[in-house]
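The primary structure of each chain is shown beneath.
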Amino acid sequence: QKEVEQDPGPLSVPEGAIVSLNCTYSNSAFQYFMWYRQYSRKGPELLMYTYSSGNKEDGRFTAQVDKSSKYISLFIRDSQPSDSATYLCAMTFTGTASKLTFGTGTRLQVTL
Amino acid sequence: DVKVTQSSRYLVKRTGEKVFLECVQDMDHENMFWYRQDPGLGLRLIYFSYDVKMKEKGDIPEGYSVSREKKERFSLILESASTNQTSMYLCASSLGGQGWGYTFGSGTRLTVV
Numbered sequence: 001q002k003e004v005e006q007d008p009g010p011l012s013v014p015e016g017a018i019v020s021l022n023c024t025y026s027n028s029a030f031q032y033f034m035w036y037r038q039y040s041r042k043g044p045e046l047l048m049y050t051y052s053s054g055n056k057e058d059g060r061f062t063a064q065v066d067k068s069s070k071y072i073s074l075f076i077r078d079s080q081p082s083d084s085a086t087y088l089c090a091m092t093f094t095g096t097a098s099k100l101t102f103g104t105g106t107r108l109q110v111t112l
Numbered sequence: 001d002v003k004v005t006q007s008s009r010y011l012v013k014r015t016g017e018k019v020f021l022e023c024v025q026d027m028d029h030e031n032m033f034w035y036r037q038d039p040g041l042g043l044r045l046i047y048f049s050y051d052v053k054m055k056e057k058g059d060i061p062e063g064y065s066v067s068r069e070k071k072e073r074f075s076l077i078l079e080s081a082s083t084n085q086t087s088m089y090l091c092a093s094s095l096g097g098q099g100w101g102y103t104f105g106s107g108t109r110l111t112v113v
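Protein chains in written order, with this note's numbering: chain A, 1 to 112; chain B, 1 to 113.
It should be emphasised that the hints constitute simulated quantities derived from the structure, not laboratory data. Be aware that a few hints might be false.
Stated by the list, open to error - List of simulated lysine-lysine pairs, DSS-like, C-alpha gap at most 25 angstroms:
1. B:Lys55 <-> B:Lys18
2. A:Lys67 <-> A:Lys2
3. B:Lys57 <-> A:Lys99
4. A:Lys2 <-> A:Lys70
5. B:Lys13 <-> A:Lys42
6. A:Lys56 <-> B:Lys13
7. B:Lys18 <-> B:Lys71
8. B:Lys3 <-> A:Lys42
9. A:Lys99 <-> B:Lys13
10. A:Lys2 <-> A:Lys99
11. B:Lys3 <-> B:Lys55
12. B:Lys55 <-> A:Lys99
13. B:Lys3 <-> A:Lys99
14. A:Lys56 <-> A:Lys70
15. A:Lys99 <-> B:Lys70
Put together the whole structure using the sequences plus the hints.
Written out as structure tokens, the structure is:
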């Protein structure tokens, strides 16, 4: 079993829809949780960063962490065609020198 | 903005060649990483470095080596390129300490023929 599981998709939604992207993990020591967005033929870029449990909002994006369920989510409101990309979750834990463990990524397509 | 620059976007090399992939970051980050990314397999860590002249093996170091002579530069070396090393190679950097996110370069698409 992988340490971080992420549905690869593809996930296709119409413009304006609310998108929910999710990851589950097995290591309860993870404390820092991130979401990266990767456009085709580009490197990943950091989208959201949260520490421990709770919610964090940034514009149309909301990141949620539920440590009791070992489950993290990224919600995108009012999705746009420009949101079409692969979304990777990543996490790490206190005591390491920030080596991240990544999910395999979910490909999202927002259609007109 | 932190910038991580990879020297080539696309490379085509022949089997058996020695290949150098260069990565430079401009924000004095302590940590640097090399990943390869393949469909269905996600990001796999090849090597990383926490300081100049220091290197640590990642999950798939076989067939690769690295060099970090200066803090800003981290090179990945394919000693004798093989077709199964055809992949997207991504360099990343991060601040020292714990819990920091990475800044990635744009990637090098390497094809070995």
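Here is what the structure says about each hint:
1. For a cut-off of 25 angstroms, the pair hint linking Lys55 of chain B to Lys18 of chain B stands: about 20 angstroms separates their Cα positions.
2. Proposed proximity of Lys67 of chain A and Lys2 of chain A is supported: the alpha carbons are some 17 angstroms apart, at most 25 angstroms.
3. Distance restraint check for Lys57 of chain B and Lys99 of chain A: the Cα-Cα separation of roughly 12 angstroms lies within the 25 angstroms cut-off, and the hinted pair is therefore satisfied.
4. As the CA atoms of Lys2 of chain A and Lys70 of chain A are separated by approximately 13 angstroms, the hinted pair is consistent with the 25 angstroms bound.
5. For the hint pairing Lys13 of chain B with Lys42 of chain A, the CA-to-CA distance comes to about 21 angstroms; that is within 25 angstroms, so the pair holds.
6. Annotation: proposed proximity of Lys56 of chain A to Lys13 of chain B is violated, straight-line Cα distance about 45 angstroms (limit 25 angstroms).
7. Between Lys18 of chain B and Lys71 of chain B, the direct Cα distance comes to roughly 23 angstroms. Compliance with the 25 angstroms bound is thereby established for this hinted pair.
8. A C-alpha spacing of about 14 angstroms is found between Lys3 of chain B and Lys42 of chain A, which places the hinted pair at or below 25 angstroms, so the restraint holds.
9. Restraint check: the Cα-Cα separation between Lys99 of chain A and Lys13 of chain B comes to about 30 angstroms, which exceeds 25 angstroms; the hinted pair is violated.
10. Of the supplied pair hints, the one linking Lys2 of chain A and Lys99 of chain A holds, its CA atoms being roughly 16 angstroms apart against a limit of 25 angstroms.
11. For the proposed pair Lys3 of chain B and Lys55 of chain B, the alpha carbon gap of about 21 angstroms is at most 25 angstroms, so the pair holds.
12. For the suggested pair Lys55 of chain B and Lys99 of chain A, the alpha carbons sit about 13 angstroms apart, so the restraint of at most 25 angstroms is met.
13. Our distance criterion of 25 angstroms between C-alpha atoms is met by Lys3 of chain B and Lys99 of chain A, whose separation comes to about 19 angstroms.
14. Distance hint between Lys56 of chain A and Lys70 of chain A is fulfilled; the C-alpha atoms sit about 17 angstroms from each other, no more than 25 angstroms.
15. The hinted pair formed by Lys99 of chain A and Lys70 of chain B meets the criterion: a straight-line CA distance of about 20 angstroms does not exceed 25 angstroms.
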